[in-house]
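Sequences are here, hints too, so could you generate the full structure?
Heads up, the sequence shown is in my numbering, so the first residue is 1 and it goes up one at a time.
Honestly, the hints are just simulated from the structure, not real lab data.
Wrong hints could be hidden among the right ones.
What the hints assert, rightly or not - Computed cross-link-like contacts, BS3-like style, restricted to lysine-lysine with a CA-CA straight-line distance of at most 30 Å:
{"no.": "1", "residue 1": "Lys57", "residue 2": "Lys83"}
{"no.": "2", "residue 1": "Lys90", "residue 2": "Lys10"}
{"no.": "3", "residue 1": "Lys83", "residue 2": "Lys94"}
{"no.": "4", "residue 1": "Lys21", "residue 2": "Lys10"}
{"no.": "5", "residue 1": "Lys57", "residue 2": "Lys90"}
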Amino acid sequence: MSIGFMLPSKTDAVVWRGARKNALITQFVRDVDWGELEYLVVDAPPGTSDEHITLAKLLRGCENVSAIIVTTPQEMALLDVRKEINFCEKAGCKVLGVVE
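Take a look at the structure:
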């Protein structure tokens, strides 16, 4: 499932404020019947934004919640990775690894 499927055109940007994005994330996590899952992969934007906070709050208490952080080799991206790892630690989310 992707927000991109809900936009009028493939080339449209998602220009939504945090509250609307967070409401949609909440709907995806709470209201969609995913059936029996082995894994649920959630792709989030870089950094530690409202989306990450919302996901951490919604998934708190769920079993086996983990993160795989994807990055590029640029120094600025690596700084974001360090912040994301710190965020995961504070949110109680295990980091399985970092992929470059």
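Against the structure, test the hints numbered earlier, and report the numbers of the ones violated in rising order.
Violated hint (a single one): 2; every other hint is consistent with the structure.
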